[in-house]
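*Asks:* Chains as they are written, first to last, in our numbering: chain A, 38 to 344; chain B, 38 to 344; chain C, 38 to 344; chain D, 38 to 344.
Don't read these hints as lab results, they were simulated from the structure.
Do not take every clue at face value.
You can't tell identical chains apart in this list, so a pair holds if it fits in one copy or across any two.
As the list claims (entries may be wrong) - Restricting the straight-line Cα-Cα distance to at most 30 Å, the calculated cross-link-like pairs of lysine-lysine (DSS-like) are: (1) 277 <-> 163; (2) 257 <-> 277; (3) 257 <-> 48; (4) 277 <-> 251; (5) 48 <-> 84; (6) 257 <-> 163; (7) 163 <-> 74; (8) 74 <-> 84.
What follows is each chain in one-letter form.
There are 4 protein chains.
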Amino acid sequence: MFEAVISAPEKGHLADYIPALANQSKNLFAVYIIDEKGEVLTFGDFKGVLTLQSISKVMSFIVAADSLGIDQVLEKVDVEPTGDPFNSIVRLEVAEKGKPFNPMINAGAITVASLLPGDTVEARVKSVTDFISQVTGREHSVNQEVFKSEMETAYRNRAIANYLKANDYLRGTVEEALETYLQLCSIELTTEDLARLGLFIATDGLLLTVTENKNLITRKTARYTKALMMTCGLYNASGKYAATIGIPMKSGVSGGVLCTVQNGQIEHLQGRMGIGVFSPMIDEIGNSVKGMDFLQRISEHYNLSVF
Amino acid sequence: MFEAVISAPEKGHLADYIPALANQSKNLFAVYIIDEKGEVLTFGDFKGVLTLQSISKVMSFIVAADSLGIDQVLEKVDVEPTGDPFNSIVRLEVAEKGKPFNPMINAGAITVASLLPGDTVEARVKSVTDFISQVTGREHSVNQEVFKSEMETAYRNRAIANYLKANDYLRGTVEEALETYLQLCSIELTTEDLARLGLFIATDGLLLTVTENKNLITRKTARYTKALMMTCGLYNASGKYAATIGIPMKSGVSGGVLCTVQNGQIEHLQGRMGIGVFSPMIDEIGNSVKGMDFLQRISEHYNLSVF
Amino acid sequence: MFEAVISAPEKGHLADYIPALANQSKNLFAVYIIDEKGEVLTFGDFKGVLTLQSISKVMSFIVAADSLGIDQVLEKVDVEPTGDPFNSIVRLEVAEKGKPFNPMINAGAITVASLLPGDTVEARVKSVTDFISQVTGREHSVNQEVFKSEMETAYRNRAIANYLKANDYLRGTVEEALETYLQLCSIELTTEDLARLGLFIATDGLLLTVTENKNLITRKTARYTKALMMTCGLYNASGKYAATIGIPMKSGVSGGVLCTVQNGQIEHLQGRMGIGVFSPMIDEIGNSVKGMDFLQRISEHYNLSVF
Amino acid sequence: MFEAVISAPEKGHLADYIPALANQSKNLFAVYIIDEKGEVLTFGDFKGVLTLQSISKVMSFIVAADSLGIDQVLEKVDVEPTGDPFNSIVRLEVAEKGKPFNPMINAGAITVASLLPGDTVEARVKSVTDFISQVTGREHSVNQEVFKSEMETAYRNRAIANYLKANDYLRGTVEEALETYLQLCSIELTTEDLARLGLFIATDGLLLTVTENKNLITRKTARYTKALMMTCGLYNASGKYAATIGIPMKSGVSGGVLCTVQNGQIEHLQGRMGIGVFSPMIDEIGNSVKGMDFLQRISEHYNLSVF
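Full structure from sequences and hints, please.
*Replies:* Next up, the structure:
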């Protein structure tokens, strides 16, 4: 049924501002869906890894919120959506005091990266890779080539980070926050890993691999996370996709999308689900062209929208 | 259980920039909940009417989208949330071409008001009061005193409307669009009416009063409406309430809130529900203080959040 | 020596957003220079009239400042230059309190128009035409066709005026201020009249026609006027022309330019001078293409710059 | 006659955001005036040094313009005044392409610093200290303590520099441009040196110490410099002081002011003059309180304004 999407001619472009992403193959496609019983459905034949890019903003927020408490995080970053481009500086200066609007835009994510537990860049990055490993059941590491290529051209992000520091919204040094943020963007995983993270969020923090029913994160953290994904997860197209797809999602310019389904049925899968999507060609706004197309069709067909 | 909220000391302020609203009693409170079987639950003892104010933005959008088609409406207004104050002009000029961001901010709602069916202000206003009457089963009219007091001090809204006209986002004249918009803001109804409208949206357009199962609006219109309420329904606090309450809502500075519940159980009520809330004291952002407090508690207690 | 400028092929465009200006001949050219002894030098053969457009901002400021006192005017408008387009709204909202930056941009000029002496639009317009007549020695009237065509499409100016009113920077009603402003823009005069006004400002308020040496305006008003012309008189190119021409000037989209020379010698003319220039083709920024070209050459050749 | 200013109680504050400036004595005062014949007039008894701070923007511009040619510099920075705070980022993003508005705001000055001749920070700083030494006849060096304290807290400037780099308005690295800029800000000199620099600019590049009449800089560079000082030299108060003082000036937050007089008579001094002023208490905008007060009185008394 979704063959038409998968085999359609490639549209969009690769994320050319990150040199390491500009060279990959254009026609990769992979979808991995998993439900709370562990049932699995896949589409496409790509089995490799992608880097998290902006999807890492979700994981950083979860780790920071659960270690510090949401209220501490909210002192440094709001949770309000914004219609601005994802890396806007204007908004920082116009708004009172320069407080970043939400953890899903670069300014907010750089602030959150600085709040992660640990006193060094390594410790902060490890707090997130450890969390991801706990959910996926395997090790994750930073793609150093991608990280380095992002660091070399991070002028706008470094401008934002300095601006945040000037207004006292960063813990530690500017370079620590920036390096932490960009290392998190460069963590590698598969669509299976994305799906397991999506399911983890959908279940408010349960692990498939653990028999006892203990939520690893608070219900409050899970709710804030899903609300942020719904209202700000897809850059400037968040509102459109809330209407046409209607599930909490977060995309990255690597072409990945992380999705959570609160309740649904897709073939033999049922109840809460996580969906990991990957297709590297992105549109002007930064979302995977085929990925979003696929998600619109599957949401429509299986009536997945919360609305 | 909610007595503590209802009887708490009044906080916030009345909407003093609208003279007719600045004189009402501070301690009014009313909640009306109705489910898809017609079961009802109420709190508070206020039985009177309130004016829709910004809640009218929801009805205008439904009528315009269902008469013109969503795609026609989207040519003149986006559906992207924004972290800006509800009456910001800055955003219009900074964004390319001055297109209003969404129908829940004043700029977008003035544009939508100009797109309503009919060639006169009267006809356009009637298209909305007729729609509301169809849902509530009774007549609705414009409170002329409130309308006039708003017209007299509508400098910012008139600035916005002229700006939209200059950029070709208004049908007809500036004064027609402005008058239509402000008349819609001044439509009177009760919390029961709000609840019935909320239920109508929750059911994607079913009427309680009609036995046959025919949706009056398209599923697409209903979804866009709910997504807009979730992402932009509560001014600059939309993100916060998406996290803490988690249902599609729209508030007005008169102190009313319209809510839809997709699926829940509140005492003997079940399934899809509409909730109408009214308490006139509002906070800095424009939302009813007691109203939002009540909604946070009832959502928490009955687990109404979609997240 | 200036023949090359005058006979050069036409570049730029007519001010097409004002219907009445979009139809005139493209190749008109006129320059009138007069010194404090009444000696005259002219270039070009056009003898007709032009409308003041933005040049009227200078006259309004002089009349308002001299009747109210500069300090009263400064309570409602600053005198700081700005690099923004002449009709920007953004600046009004970003700056604290929405105070207009200076009387040479539309926002400031609309405020100043509302401060003119008199209780009606007619009286306020007359206060300025009377002032001009006193200087030029002949009657001046408003071109009603130009005025009407500007009123019909004045959406941005009306947006600005409503915004100013919302922030309490307008005296009287929005429509009065707007109508006064646009009538002033539509006052007709010749390049000789412009030159006499330029000389009047250069001499801090002396009249050629009067033998006794009595300044009609205060030295303070004259200085503020010249400083405003130098720092903000040519829209977004004020800085460039301060460097390359270096005399106080004010242009209008009708293609006119009013100039004052503090001290100089041009052929047989000496000392303080006024220059009136007219050529209707304007550049992207709004300044007369041939007019500015002529002024650069004459300033260079006769060393007229104050710098 | 100016005793009242000099002995008035101190108002304003020291530039506390630069630690090394926050500790100096409040009641220092020095004025040095020199004319083209070398005649001198002084006020106040302070003989020490100050750091250039923003006054260095004038020297950088002169050196860059004279070595590269004005047109090359104008490709990377405009010469248009702006009403924004001196370190605004907003303007960079709103304006097309992020081009800095003029060399007198931080963004423009950081760009100009990157264009100075030489391939290293040292060489670029030396190009400016050499120029200053040529004019003053003595060696100048960077106050390393001030430079270091500025580098440590340069978050906003580093944000601006990264933003400029992202938009391709910087030559070399961000850190080179920033370091060059802040070293230039920390060059030490006396009010006599400031006066000699002011005279040098007033005479379009003549040196008192040299008998032959050879201008060291082009007339074009001198004119652009004076126009920039007049339209943008005093931060957001440039327009006000153009009206009330009316000579090209540039101030710094160290409390210094550099002034040029094109033609005047002050006691036994005549013709072109330079004025150096120093008093460390500055107002909200960043200008020396006593310094500006003194300049307003002397300009008024000796009629120094070009208007």
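*Asks:* All the hints need checking, so say for each whether the structure fits it.
*Replies:* Now the hints, each set against the structure:
1. Taking CA atoms no more than 30 Å apart as the test, residue 277 paired with residue 163 passes between copies only; the shortest distance there is 29 Å, against 35 Å inside one copy.
2. With identical chains, the CA atoms of residue 257 and residue 277 are at most 30 Å apart both within one copy (26 Å) and between copies (12 Å).
3. In the homo-oligomer, the alpha carbons of residue 257 and residue 48 lie at most 30 Å apart only across protomers (26 Å), although the nearest pairing inside one protomer, at 39 Å, exceeds that limit.
4. Taking the shortest alpha-carbon separations for residue 277 and residue 251, only the inter-copy value of 26 Å comes in at or below 30 Å, while the best intra-copy value is 35 Å.
5. Proximity of residue 48 and residue 84 under a CA criterion of 30 Å is satisfied intra-copy only: 21 Å inside one chain copy versus 57 Å between copies.
6. In this assembly of identical chains, the alpha carbons of residue 257 and residue 163 lie at most 30 Å apart only when taken from the same copy (23 Å versus 44 Å across copies).
7. Taking CA atoms no more than 30 Å apart as the test, residue 163 paired with residue 74 passes inside one copy only; the shortest distance there is 29 Å, against 52 Å between copies.
8. Taking the closest pair of Cα atoms, residue 74 and residue 84 come within 30 Å of each other only inside a single copy of the chain (22 Å); across copies the shortest separation is 49 Å, beyond that limit.
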